[in-house]
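J.: The task is simple: from the sequences and hints, build the whole structure.
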Amino acid sequence: MFSAFSNIDHHSKGARTPTETAVKRLDGIGHVLSDLDLAAVRTQDELTRALLTLDTADRCIRTICAEFRTEAAGDRLVRKADDLMALIDRARDELTGFRAAKS
91 MFSAFSNIDH HSKGARTPTE TAVKRLDGIG HVLSDLDLAA VRTQDELTRA LLTLDTADRC
151 IRTICAEFRT EAAGDRLVRK ADDLMALIDR ARDELTGFRA AKS
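Read in order, the letters of the sequence shown correspond to residues 91 to 193 in my numbering.
In short, the hints are calculated from the structure, not lab data.
A few of these clues could be false.
As the list claims (entries may be wrong) - What follows is a set of in silico ranges between Cβ atoms, one per label pair, in the way DEER data are often shown:
#	residue 1	residue 2	range
1	D135	D179	20 to 26 Å
2	T153	A130	23 to 29 Å
3	R180	R139	15 to 21 Å
4	T138	D117	42 to 48 Å
Model, not experiment: these values are computed from the prediction.
By construction, the Cβ of each residue, glycine as well, lies at the ideal position given by its N, Cα and C atoms.
T.: Printed below as a string of structure tokens:
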């Protein structure tokens, strides 16, 4: 279940700079989120689980950005974090629209 996280840590070790480490961590979060199938959400439990996953990913992204705030964060890091957070917001909107349509 957590094998994806061990892979992320392995890849992070090969990073040359702290910013590269942060970008690799964001890539890992994006990879995990890419496995989230919003179209398959049918029940309230599935909806709750999907929203929890999105919220957790959002918190992880914010933590990574805060951790590297003191570094001279490259445009790539900021852009990747912003893109992931925008995708999370869109997914959350899609899921909450699903809930409203089902009610």
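J.: Is 20 to 26 Å right for how far apart the beta carbons of D135 and D179 are?
T.: holds (22 Å)
J.: Using the C-beta atoms of R180 and R139, is the stated range 15 to 21 Å upheld?
T.: holds (18 Å)
J.: Cβ-Cβ distance between T153 and A130: within 23 to 29 Å?
T.: holds (28 Å)
J.: CB of T138 to CB of D117, is that within 42 to 48 Å?
T.: violated (27 Å)
Of the numbered hints given earlier, the model fails hint 4 alone.
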